[in-house]
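Student: Take each chain as given, in its own frame, and dock them per the hints.
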Amino acid sequence: MDRAGNPDSPLFGMAAEVPSASALYHAAEKVRDAGYTRWDVYSPFPIHGMDHAMGLKKSWLSALVFCGGLTGLTIAALLTFYPSTIEYPLIVAGKPVNFFTVPAFFPIMFELTVLLSAFTATFGMLALNGLPRWNHPIFNWNRFDRVSDDGFFLAIEATDPKFDEEATRAMLEGLGAKHITLVYED
Amino acid sequence: MADAIMQSREAAEQRITRAPLVTNNRSMAWITDHVASVTEKKAPAWWWVLFTISSALAVCSVLCIGYLISTGVGVWGLNHPVGWAWDITNFVFWIGIGHAGTLISAILFLTRQKWRTSINRAAEAMTLFAVVCAGIFPLIHVGRIWMVWFLAPVPNSNAIWQNFRSPLLWDVFAVSTYFTVSILFWYTGLVPDLATLRDRAKTKLRKFIYGIAALGWRGGNRQWKHYEMAYLILAGLSTPLVLSVHSVVSFDFATSVIPGWHTTIFPPYFVAGAIFGGFAMVLTIMLPARAIFGLHDLITDDHVDKMCKIIVLTGSIVGYAYAMEFFIAWYSGNPYERYVFVHNRLAAPFFSWFSWVPGIGPQMAELGANPAPYWWAYWSMIFCNVVAPQLFWSRYFRRHAIWVFIICNFVNAGMWFERFVIIVTSLHRDFLPSSWNMFHPTWVDIWTFTGTFGIFLALFLLFIRWLPMICIFEVKAVLPEADPHHGHDDHHEEPAALKGAAH
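Sequences listed follow chains A and B, in order.
Going by our numbering, the first residue of the first sequence is number 1, and it counts up by one from there.
Going by our numbering, the first residue of the second sequence is number 1001, and it counts up by one from there.
Here chain B stands alone, though its shape is the one from the complex (with noise of 0.2 Å):
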């Protein structure tokens, strides 16, 4: 008897064990000393490379930020009836990008996804970066920048209140505090880290500036007890934060009165594709870091392969999302909704080729014939959101790491272009056909785009070159040796027939 609950035990236990997180049986010194130590060898050539060319890049986009503000908005391709273009595209864009990073370190933590551990330093590291980028934007199309101080409540002399009803002002609220929750929960996680780095300090001044930032932290259990409870609960409040943050983001468009924005689904939709986004460019980056540091044991394939299947799933909810939109513009009759789906968005050139099929030919050589100005936006859109990523349902895909990276651009540009398609088709045909137009970006409107992309990226480089990328207490306590109970038998409450039995 004791023996059959044994073997079906073992068995069981086989079926169920897990890849480690860490390949290899790495030392907990061989942990350190590898994260850490990029951060203290000479930089390498390439790191200057990459680092003159983003940060030129990142110039660019601040000259243009100058001229704009010396300039005025008219610098922008901007018209009527297209009032937002690029800037909230971009916007969009960005702090969309940014929730992956939230995601895997509060809602992984919280669903104690242990894999999480070697990448949501970085991951959160780009969260920041991307916000910076976004919060660019909604400040620069003001206008007039000196008077943004107007969005915050502070009393005046001007009869000025601000109309707490609207969703702009609670976007203001929503990106801010995503900020500065995002940064307390960064540092909080990289207190230990820093004290990493201090302890192997080799330098004075090293050990001065690493002593200050981490602030005297001693490893102490009385001290973890805090730490670890103010982690959970930041978790705990991140969650939430994450799924308002680009949920206001929406309310943006869709309290509005315009077709093809004014949509319920707009809320879970815009999260989905935010983490959608975020995965993607995590894996954009962090595949290169791991190939130039030799990560690989940290960052294993299983990892990928993980971040691989939420990107196929978000990919899904987003087309299902793309497809539910269509299908409430057809049933809910209202004709204006079922133009902008039709028309400013689904009809392409090649609908003609479909002519020959009975009944609706006539219709499809129509709309062939008359394609939406925009069409090529949102079949790039469709392909890059929805056909691309399902390659990720086959292994194969998921486990080399340059289709990987081939996939994941497809879906940053394909994030790129759902903002533009909502934004700029839903605009450029108003209710009134003498007043449509279209929007042409200027060189300034391209300029402070790319650079945004050498910003964030030159901050990422800043960060790889002073802080650990991957988060070494973390990544230590997965280890099997971080386990009070290993190599001991010391369960004594178990039955002497299960003896031996998974802990």
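So that you can see chain A by itself, here it is in the shape it has in the complex (with noise of 0.2 Å):
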């Protein structure tokens, strides 16, 4: 089996290739009924279903985002209302200052609520996504070069409760993937 890395280093996975989009969709689905967790497919781009095919739930980013724009338009509220109503009322034009002038805050309200989800929503992604990071073990792998071109991979970590290198190998190879490759940490 070829080797990625420094094989002294601890054992990251074992990792494979597969030649197209349709294959790497039913290699997922194998490897998901072969009861494996902790594992991922690569692909330069993502592959419609793939989320049924691997057994992973909805993202909860939206979650978050929610929580952010509550803030953003939290925010906005104290911002305008308070200060322009009660603390500081502003008289323009001998307009009223009361609460029934708080339309004229929804604009800014809005557009707190959409910046601070949008922050969210990329930052929130980075975060559930572990990134931004220096380096990855799978990087050590030449052929993973590949992923962001017309590669498509999949590796099963060595952490996988599931994981035996002669077992796993005997599955890879059944799935007909090509390029079986140990990858090493460092």
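Since the hints were made in silico from the structure, they are not lab data.
Given the structure is predicted, the values throughout are model-derived calculations rather than measurements.
We put the beta carbon where it would ideally sit given N, CA and C, even for glycine.
Some hints could be false.
Taking beta-carbon pairs under 8 Å as the criterion, some of the chain B residues facing chain A (in silico) [claimed, not checked]:
no.: 1; residue: 1163
no.: 2; residue: 1237
no.: 3; residue: 1239
no.: 4; residue: 1393
Tutor: Following this line, the structure appears as structure tokens:
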């Protein structure tokens, strides 16, 4: 079996390549059914339906964004309504400054809601993905450079309870995967 | 029976078969190579020529801005009553252009218009650069720019607190939010493609820079899962945002009491105009880029065709809004409103040609003899925005790039005239005839504006040199082989009689 990285360092996992998006989809279904939990498939673009094939649940990023949006709305309401109506009522053109003028603050409430939601969506996505990070063991494998071009890969991590060099290798071979490689941490 | 079902299925399938989004059956590697290599080869000679010219223009703008700040806004042609002229015209013009990018990237994403994938990156970049150009004008038109922090709600000892009920303050929030969210959206979309550039990098320095920029992206499905959710949410947030930004810009006018500005139709009218002008600018810069880099298989004639249809749609909405303004001016019975529309905008010398028409002849002769001082601006706007784009009803004009380019440039000019007409023709004749005044731009007005085209183009040229101008990963995802069921008859739930029908 091929090896990538420094074989003296701890084992990261076993990686392999498949020829196409549909091959990757079917391989993912089989790995899922074999009961593996710490593994991933890598592709140049998101493959439609892959979350189902891998048995993944919906991303909960939307819940984070809801909280972010709510924070933005609250900040905007406090920033506009309280000072402009109670603390420092600014009378312009003789117009009232009471509670019923609240529609005049809607644009700023909307903008700040969107702003904080967008920040949460971007940085929350990065945080959930563990990014940014300097390096990753899978990059030790030279073939993996093609993941952003036209390569389709899957990797089963050594920390997976079901991971076994012989059994996992036999399963990957059974899936028709090529270039089965042991990838090390360093 | 089964045969009959199959035949009708096949016939229906043939009718609804769509043209491929990437022509000539290009492979994934071809797409990666073709898009990424633009940033990897040496810059061609024409790039240096264009970059030199546009940066020289950009320098003109910067020098004019320096002169303005060090001297005062008096170096512009502003006067009483024309207190806003080219500055706000240019602001609204550029911010409008910025709308097409977000429309393509957000609204077309939510409506699953997959043809957007090959144009959204460049259109989003164009949005950012247009908003950069737009942001300059409100900042410098305040005069004493070192006091611009007064706009920010910062506790201070000057007893200054912002009027949050003012549309001018809403505008500050709307435009800065729009710029920030557009950057986040653009960068999120760039991350997987930056990883492509990182993985293809030949030199250590490129690998380092693109490696940092790609944030360690690996393309694992556990990452794509959150990524797709983030992209969907950003699209969902940007859709109301893009509609709100130009609505808020229009509030700057609509909430005032100036006849010609005080109009409830402004928010939808401005948004339609922004999309109209934005698509025209997208085509104006994408068509030359496509020709130069040979990207005809990615940005196909179908893409251009669809954008032209959006231009004729939004152009007609804008034409309807122009007509509706006149109707309301007449129907409201407000003499000031009527005066602005008829005597400040519409009346042109050629009206006297119609003096023979029974019934309205004398009025036509009268209006033709006393034309609106800015009639040429109004009628340029009508010709460029309402008449010229109607050619896009014809397939011939939508399918010939040179015609598309010419018509889009008419639209670019027309949308500038539209803002000039709204702002200057409404202001130059005040309620009090003794304060009427014409606006004449000075050389500082002219070169500041011309220079912003240099800023815009220089930034765009830098963008196409350093970043993939087509979204590589999204284009791959619309290829037939990206479908996980491609080449497999594995939809077992289908009855045998319908086997082979479209998935």
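Student: Next, verify each hint and record whether it holds.
Tutor: Status of the hints after comparison with the structure:
no.: 1; hint: 1163; in the structure: 5 Å, holds
no.: 2; hint: 1237; in the structure: 5 Å, holds
no.: 3; hint: 1239; in the structure: 10 Å, violated
no.: 4; hint: 1393; in the structure: 36 Å, violated
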